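Let's have the full structure, built from the sequences with the hints guiding it.
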Amino acid sequence: MNPQEFERVASRLPVGRDPASVRRRIEAMEALLERAFHFPGTGYRIGLDSVVGLVPVLGDLVTAAMGGWLIWEARNLGMSKFQLARMTGNVAFDTALGLVPLVGDAFDLLFRSNTRNLRIVKRWLDKHHPETRAIEGEVISKREI
1 MNPQEFERVA
11 SRLPVGRDPA
21 SVRRRIEAME
31 ALLERAFHFP
41 GTGYRIGLDS
51 VVGLVPVLGD
61 LVTAAMGGWL
71 IWEARNLGMS
81 KFQLARMTGN
91 VAFDTALGLV
101 PLVGDAFDLL
111 FRSNTRNLRI
121 VKRWLDKHHP
131 ETRAIEGEVI
141 SKREI
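Using my numbering, the first residue of the sequence shown is number 1, and each one after it goes up by one.
Quick caveat, the hints were computed from the structure, so don't treat them as lab data.
Among the hints, a few may not be true.
[Stated by the list, open to error] Okay, the calculated beta carbon distance ranges per label pair:
1) Asp-126 with Ala-31: 16 to 26 Å
2) Gly-89 with Glu-131: 23 to 33 Å
3) Ser-80 with Phe-39: 27 to 37 Å
4) Glu-131 with Ala-65: 29 to 39 Å
5) Gly-68 with Arg-123: 18 to 28 Å
6) Thr-42 with Arg-17: 37 to 47 Å
7) Pro-3 with Thr-42: 26 to 36 Å
8) Val-103 with Pro-3: 48 to 58 Å
On a predicted model such as this, the values are computed, not experimentally measured, just so you know.
We put the beta carbon where it would ideally sit given N, CA and C, even for glycine.
Okay, here's the thing in structure tokens:
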């Protein structure tokens, strides 16, 4: 890979602390947790939250920690305590019900706490940092304009 191509690829990685990078990281984590795989025989998508949640207790705690990372990123953006509390409530509710054998596993397929939290973050970013909005599946930032 030549240096110019490397720089082009490296500049697109969401490793910065700017809102556009945070948005891309949160979107990627939500996709991994909620819709990374196709459920066999259907068009329904599931993610690590549903798959790892099948491991009793430990799986739900691991996915709760991953959901907590989304909340930590939102906190670093400067979102309000009310919004952070709503996000925490979504993860806590998902984790609490996920701990119930069988019922919790079925619930994980239906209640997507990370998708709900992504929606909260996107609304906040669209209001406070409109330059990070997605255009045709691609996030733009001031750096790219």
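Margin query: Given a hint of 16 to 26 Å, does the C-beta separation of Asp-126 and Ala-31 actually sit inside it?
Written below: Cβ of Asp-126 to Cβ of Ala-31: about 19 Å, so the range 16 to 26 Å holds.
Check: Between Gly-68 and Arg-123, does the C-beta distance stay in 18 to 28 Å?
Finding: holds, 20 Å
Notebook entry, point to check: Is the hinted range of 37 to 47 Å satisfied by the C-beta distance from Thr-42 to Arg-17?
Noted result: holds, 39 Å
Margin query: Against the range 27 to 37 Å, how does the distance between the Cβ atoms of Ser-80 and Phe-39 compare: consistent or not?
Written below: At roughly 36 Å between Cβ atoms, Phe-39 and Ser-80 fall inside 27 to 37 Å, so the hint holds.
Note to self: The hint says 23 to 33 Å between Gly-89 and Glu-131; measuring C-beta to C-beta, is that right?
What the structure shows: holds, 29 Å
Notebook entry, point to check: Does the hinted range 26 to 36 Å hold for Pro-3 and Thr-42 at CB?
Noted result: The hint (26 to 36 Å, Cβ to Cβ) is violated, given that Pro-3 and Thr-42 are roughly 46 Å apart.
Check: CB of Glu-131 to CB of Ala-65, is that within 29 to 39 Å?
Finding: Between Glu-131 and Ala-65, where Cβ atoms are some 31 Å apart, the hint holds.
Check: Does the hinted range 48 to 58 Å hold for Val-103 and Pro-3 at CB?
Finding: holds, 55 Å
Against the hints set out earlier in the document, a violation occurs for number 7 only.
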